[in-house]
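A.B. asks: Produce the entire structure from the sequences given, and follow the hints as far as they go.
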Amino acid sequence: MAKFLAVTIVIIAIASAVPILRHTWAPPQDISTHGPLIDEQMSDTMAEAGISFLAAQIILAIFIWMFAGARPEGKIKTFPGGAKAMVIASLLLVGTEVLALGIFGQRAWASVYFTPPGPNAMPVQVQAGQFAFYFRYPGADGKFGPLHPEQINEGNQNFFGLDTANDPDSKDDIVTAELAIPVNREIHLLMHSKDVGHSFYVPELRVQQDFVPGLDVSLHFTATKVGKYEIVCTQLCGLGHYNMKAYLEVMSPDDFNSWLKQQAALQ
Amino acid sequence: MHDMSHATEHHAHTPPQGFIRNYVFSLDHKVIGKQYYGLGLVAVITGMVLSWIMRIHLVWPNFAIPGLGLLSKAGAPGGIVTPEYYLQLMTMHGTLMVFFVLTNVPFAGFGNYFLPIQIGAEDMAFPRFNMMSFWTTFVAFLVLIAAFFVGDGPPLAGWTSYAPLSAVGGAAGPGEATGQTLWAISIAIFCIGQLLGSLNFISTTLDLRTKGMTLWRMPLSTWSWFITSCIGLTAFAVLLPACILLILDRTAGTSFFIPSGLVINDKLQPHSGGSTLLWQHLFWFFGHPEVYIAIVPAMGIVSHILINSMRRPMLSHRVIIYSLLAIGFLSYMVYGHHMFVSGMNPFSSLAFSFPTLLITIPSTVLVLIWIGSLYGSKLRITTASLFALGFISMFVSGGVSGFFLAQPSLDIYLHATYFVVGHFHMVMGVAAIFGMFAGTYFWFPKMFGRMMNETLGRVHFWLTFVGTYCIFMPFHYLGLAANVRRYSAFVDDYLQPLLGVHKFITIAALFTGAVQLIFLYNLIHSRFRGALAPANPWEATSLEWTMPSPPPFDNFGGRHPVVYHDPYQYGIEGATNDYVMQDSPEEIKSVRDER
Amino acid sequence: MKTAEEHKTGGITKYFVVYLAILVIAGLQIVIAYQNIDPSQMIFRMFALAAIQAGLAIMFFMHLWTEKRVLMLTLAFATIFVITTMNMIWTDSFRLLGGVPFAKYQ
Amino acid sequence: MSHANVSIATPQPVGVMESSPFSIPSKKLVMWLFIVSDAVTFTAVLFAYGYLRNATPNWPHPFRFSPSIINVMVMTFILVTSSFTMLLGVRAAKEGNKSKAILWTFVTVAAGLVFALLHIREWMGLIGEGVRLFQNPWGSGLFGASFFSVTGLHLLHVIGGVAVLTVVALGYKRGRYNSDDLEIWGLYWHFVDLVWMFVVPFVYLLNITRAS
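Protein chains in written order, with this note's numbering: chain A, 34 to 300; chain B, 2 to 596; chain C, 32 to 137; chain D, 125 to 336.
Any given hint might turn out to be false.
As a list, the in silico EDC-like pairs of lysine to aspartate or glutamate whose alpha-carbon atoms are at most 16 angstroms apart [unchecked claim]:
{"no.": "1", "chain 1": "A", "residue 1": "LYS294", "chain 2": "A", "residue 2": "ASP205"}
{"no.": "2", "chain 1": "D", "residue 1": "LYS218", "chain 2": "D", "residue 2": "ASP304"}
{"no.": "3", "chain 1": "A", "residue 1": "LYS110", "chain 2": "B", "residue 2": "GLU574"}
{"no.": "4", "chain 1": "A", "residue 1": "LYS278", "chain 2": "B", "residue 2": "ASP493"}
{"no.": "5", "chain 1": "A", "residue 1": "LYS108", "chain 2": "B", "residue 2": "GLU574"}
{"no.": "6", "chain 1": "A", "residue 1": "LYS261", "chain 2": "B", "residue 2": "GLU574"}
{"no.": "7", "chain 1": "A", "residue 1": "LYS261", "chain 2": "B", "residue 2": "ASP494"}
{"no.": "8", "chain 1": "B", "residue 1": "LYS268", "chain 2": "A", "residue 2": "ASP202"}
Treat the hints as calculated values from the structure; they're not laboratory data.
C.D. replies: Below is the structure:
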């Protein structure tokens with residue numbers, strides 16, 4: 034019985050590790066400049082977590098195999114070093130391991146959150162609402178017009194509550210339902226929620242950030258690969274949560290400019 | 002020393018008369034413990050059925066679930082779950098499981114039954130309080146269940162009830178009307194019940210220990226209940242006002258958690274000035290300690306059972322206690338790791354990530370001591386010890402994924418994916434439930450005076466062990482592939498290749514759920530037909546095994562046991578048996594217990 | 032062992048002084064409230080005075096000073112620990128005031 | 125003692141219980157623990173108030189010296205005095221002077237009632253000026269919400285305390301409760317007083333109308 038348990042534990046542990054080692058289900062290929070840091074951190078953590086996992090499960094299995102079955106005549110043996118060894122091992126091995134992970138992991142975090150966007154970053158505003166994303170480009174003047182929540186009207190396609198009649202800055206703002214960005218250019222994303230909490234998640238971009246109603250948060254990233262990707266909502270926002278998505282289209286600068294012109298004409 | 006503990010209300014040494022006094026409004030901690038266990042059983046079955054419905058809906062969205070249409074005409078017309086009903090069931094599943102199962106059974110249930118017995122007391126310090134705390138919890142349960150039957154059904158905002166979705170009311174869509182208010186009321190009541198329970202647990206542990214039962218001589222399970230009640234005392238004290246403020250937001254028109262200028266369905270909301278992050282802070286300040294309220298008792302129970310099966314004390318009694326204490330303290334400093342990408346100040350994320358990583362250290366100490374104590378032991382395999390060993394395996398599997406989620410940089414990718422679902426289900430859900438199973442198989446003879454069927458128990462263990470791994474391991478893979486959680490259907494293009502994994506999980510979940518019928522059958526059958534249990538079937542040392550099974554009304558029959566030994570005197574050389582009970586005056590050369 | 036009861040048979044004077052001190056501090060708070068000082072300074076002073084008041088009430092009115100020292104340490108440690116850890120919420124409060132991080136465009 | 129390897133079993137001295145580490149009766153311990161828990165509850169509410177106040181630019185400052193601050197001063201005086209009379213009551217009870225203890229307790233109860241009435245009068249005054257849970261004439265609607273929540277929670281504690289002290293004092297008179305019970309509920313009353321010491325500066329004094 035006990036030996037069977039030991040074998041089961043080992044089989045489960047190895048079977049669990051195989052898909053990880055074979056990258057059966059791995060993060061999609063990264064398309065951002067900050068992504069490699071995260072990916073590197075992910076594989077480091079995976080290595081440490083994987084070793085801890087396999088070691089713990091296999092030692093557990095070995096000890097179950099070895100010591101199960103009452104042998105009344107035998108003597109109790111104590112693990113060499115006893116509890117002191119365990120505490121020291123945890124403090125030294127695991128302590129340094131997690132501290133190292135923590136410290137090195139901050140590089141990726143800092144590159145996203147502690148550095149302001151560069152001066153040439155292209156500002157784009159994204160507004161999340163139940164259950165769609167809308168994007169706004171400032172247009173030729175480079176300025177976003179102010180928002181007027183009371184004027185939001187989905188029927189009139191006024192998703193942001195822009196007052197184009199009175200605000201000169203709003204006149205040339207371009208509102209779209211998909212996010213098109215030029216490749217290799219830093220994007221400064223200004224995130225605004227009009228109703229409840231939402232989130233902006235692009236797995237390929239290694240970007241996830243919640244929208245906070247009442248507090249506009251901002252993000253910056255640079256996409257490095259042309260293509261079409263999905264933006265999904267990851268913060269529970271109501272019945273249509275599963276269906277709240279938009280497309281991110283990374284274009285060459287020329288394509289982007291012509292796309293922007295085309296969108297401006299549609300406004 | 003003046004009379005200290007006897008000023009407390011103590012009932013007479015004769016059992017009360019009548020069914021109501023005996024089994025319903027009973028003051029006896031043993032009955033109350035069983036009541037908590039029963040309530041947890043009802044809640045876990047309900048929660049499990051809900052998870053079945055959700056799993057089925059995820060992979061066979063057009064499958065009409067028989068009878069579901071009767072429960073909710075709007076939510077599941079003809080038995081086919083609507084997207085909002087999926088989220089409502091998910092919310093109820095989470096709330097029932099976290100509050101009414103994981104908090105109730107290992108802590109309030111087993112704790113109530115065995116804490117007084119293990120310290121040699123005849124009851125809790127405040128039996129009337131104890132009864133009140135159960136019935137308060139019961140009312141909370143009824144209020145929560147009532148949400149199924151009101152207006153547009155149960156709440157939808159998840160067990161975390163993030164504002165403003167949970168606070169703006171019916172405007173935010175279905176599932177946000179009366180049901181959500183009932184949720185907040187239910188949880189507020191639940192907090193009161195747990196606070197009463199915690200007060201009782203702490204004072205009982207400190208004041209009602211029998212002669213010789215010093216703090217260090219308390220069994221590890223008692224220690225874990227004691228530590229849990231200390232966490233509960235301050236954690237629930239924060240959730241209570243948070244829920245009250247949420248109720249005010251929903252019913253009285255305040256806007257603590259609702260910011261200005263929200264537009265829902267083209268309508269500007271009248272609220273202004275609140276902060277959604279405030280709710281998250283208050284909720285998670287409770288929420289993270291709550292995770293440890295669920296797992297610490299399971300750790301204690303498992304240690305207690307493991308020692309008995311290994312026939313030797315742990316490598317160190319005290320280091321285990323210190324580790325549990327360290328986990329308790331750290332639990333207050335790490336709550337922000339639930340909020341890394343929720344818009345919290347990015348500098349706070351940094352401050353929260355280090356304590357979160359540090360919590361690995363006491364957890365590792367615990368695991369190493371459990372495994373290290375196995376070395377050189379005389380491990381006896383019973384169903385209880387199988388579940389205890391399974392707990393270690395599960396705790397390790399769920400624990401290592403904590404390495405990832407403790408780091409804000411990886412949380413950018415993994416937050417709100419199935420990786421998180423896999424992590425917390427394994428480390429706090431399944432591991433705690435393994436603790437409960439182990440506790441049930443171990444203590445059932447004491448609680449009901451009859452043995453459980455070992456063969457059925459083993460079958461139950463094997464199928465559950467393999468089954469839960471089949472369910473929850475793939476969750477991690479889905480998370481690595483960026484599969485977002487809380488989706489009622491996977492319409493995104495990049496999720497299509499993952500549907501096969503979901504099918505596998507659903508089948509595993511249906512199978513593992515069905516396996517629990519073996520447990521239920523075993524439970525009910527053994528309760529009435531099981532072999533009569535001797536007083537000490539496991540040759541254990543702690544005080545609960547010194548009395549007949551089931552224990553008499555006042556536990557020790559009016560006598561006060563005197564404790565002479567440490568709780569776990571197993572493997573004694575020169576003793577009559579290989580173990581010496583705590584209250585045995587036998588002179589022994591104690592097993593070396595390192596500190 | 033000294034218990035609360037034995038101490039309480041002592042003079043009433045000590046408690047009267049504590050009572051007066053609490054009232055005087057309450058008055059002092061009002062004086063501070065009308066001074067023109069920086070809000071953070073004001074909050075700090077208010078809090079310090081309130082803490083002294085509370086400390087006096089706990090130690091003398093509630094006799095914690097004459098209980099076993101371990102009770103005082105336990106209660107004080109538990110309360111202060113939990114309240115201190117709760118302070119992490121403020122980081123977001125200040126952000127709301129300043130608004131958007133990196134705010135350049137609106 | 126309490127070492128894990130005390131190897132020789134020695135007969136225990138008389139007494140059937142281990143002593144409590146704090147050497148106080150269980151009921152008193154529970155009251156202390158309740159106070160810790162309640163202090164955390166009040167902290168959470170006060171922090172929520174502070175968090176929102178800090179983040180709100182147009183926070184109103186409606187409390188004038190007369191009548192609001194004078195009223196608060198009177199209320200503080202009454203509550204602190206009631207705490208003192210409670211102390212006198214408990215002292216008398218411990219000395220066995222039952223009638224004096226009951227007298228002082230009822231003085232405390234009366235002071236508590238006056239406090240509650242003054243507080244309700246103040247609420248009524250504010251409501252008369254147009255303050256509601258969700259709006260007020262001066263600025264952020266959060267003012268009313270947090271003011272009424274914080275002071276309301278405190279007021280509930282005062283009213284609860286008045287009720288319990290009445291019951292305990294009457295029970296003490298009839299011999300149902302002893303001086304310990306009076307002392308324990310005295311602790312609760314002091315705690316209510318103690319919370320007020322934080323409510324006054326943070327809820328009232330930070331929101332005074334300034335001359336400028």
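A.B. asks: Hint check: A:LYS294 vs A:ASP205, CA-CA at most 16 angstroms. Holds or violated?
C.D. replies: Answer holds: A:LYS294 to A:ASP205 is near 11 angstroms, not above 16 angstroms.
A.B. asks: Take a quick look at whether A:LYS261 and B:GLU574 sit within 16 angstroms of each other, Cα to Cα.
C.D. replies: Distance ~73 angstroms between A:LYS261 and B:GLU574 Cα, so the pair is violated.
A.B. asks: Under the criterion that the straight-line Cα-Cα distance not exceed 16 angstroms, is the pair A:LYS261, B:ASP494 satisfied?
C.D. replies: holds, 11 angstroms
A.B. asks: What's the verdict on A:LYS110 and B:GLU574, does the C-alpha distance respect the 16 angstroms limit or exceed it?
C.D. replies: holds, 13 angstroms
A.B. asks: Does D:ASP304 lie within 16 angstroms of D:LYS218 when you go C-alpha to C-alpha?
C.D. replies: holds, 8 angstroms
A.B. asks: Is A:LYS278 within 16 angstroms of B:ASP493, Cα to Cα?
C.D. replies: With a Cα-Cα distance of about 8 angstroms, the restraint between A:LYS278 and B:ASP493 holds, given a limit of 16 angstroms.
A.B. asks: If you draw a straight line from the CA of A:LYS108 to the CA of B:GLU574, is it 16 angstroms or shorter?
C.D. replies: holds, 9 angstroms
A.B. asks: Holds or violated: B:LYS268 with A:ASP202, Cα cutoff 16 angstroms?
C.D. replies: With a Cα-Cα distance of about 24 angstroms, the restraint between B:LYS268 and A:ASP202 is violated, given a limit of 16 angstroms.
In this structure, the hints that do not hold are numbers 6 and 8, in rising order.
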